[in-house]
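S.K.: Sequence:
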Amino acid sequence: QVQLVESGGGLVQAGGSLRLSCAASGSIGSVNTMGWFRQAPGKERELVATVTSGGTTTYVDSAKGRFAISRDNAKNTVYLQMNSLKPEDTAVYFCKVIISTFPPRVHWGQGTQVTVSS
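Counting from 18, one number per residue, gives the positions in the sequence shown under our numbering.
FYI, nobody ran anything at the bench for these hints, they're computed from the structure.
Simulated pairs of lysine-lysine, DSBU-like, Cα-Cα distance not exceeding 35 Å:
(1) K113 with K103
(2) K103 with K60
(3) K60 with K81
(4) K103 with K81
Ranges of calculated distance between the beta carbons of each label pair, as one might list FRET restraints:
(5) F119 with E63: 25 to 31 Å
(6) T69 with S44: 16 to 22 Å
(7) D89 with G27: 19 to 25 Å
(8) S44 with S79: 32 to 38 Å
(9) E105 with S44: 36 to 42 Å
(10) P104 with G71: 33 to 39 Å
(11) K60 with Q127: 15 to 21 Å
(12) G33 with P120: 37 to 43 Å
(13) G82 with Q18: 35 to 41 Å
Ideal placement from N, C-alpha and C gives every residue a C-beta, glycine not left out.
Build out the structure end to end from the sequences listed, making use of the hints.
M.R.: Spelled out as structure tokens, the structure:
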């Protein structure tokens, strides 16, 4: 059993910053890719950023230059530093963790609300 606990969401004015955290615990084993996704009302869930176990990162174009994903492998925790936030960043943010088993196991967090006011 794997548990993902997210924190750091909230209400912020445009131009502000937030830092999301997602800590994985339980029968984790080896963690492969960790990432953040978001879902705005009426829209599909979209990838925001991912980071592999080797540190390779990917970002959605709208997050490049503003967001930074990082991970602490010792703590099985992934972070998302969000700067210069815009109202269009408003969404529920979910962390996703892929465990290196065969086949790989995918786990999702419960989601944390990020609201950016104009």
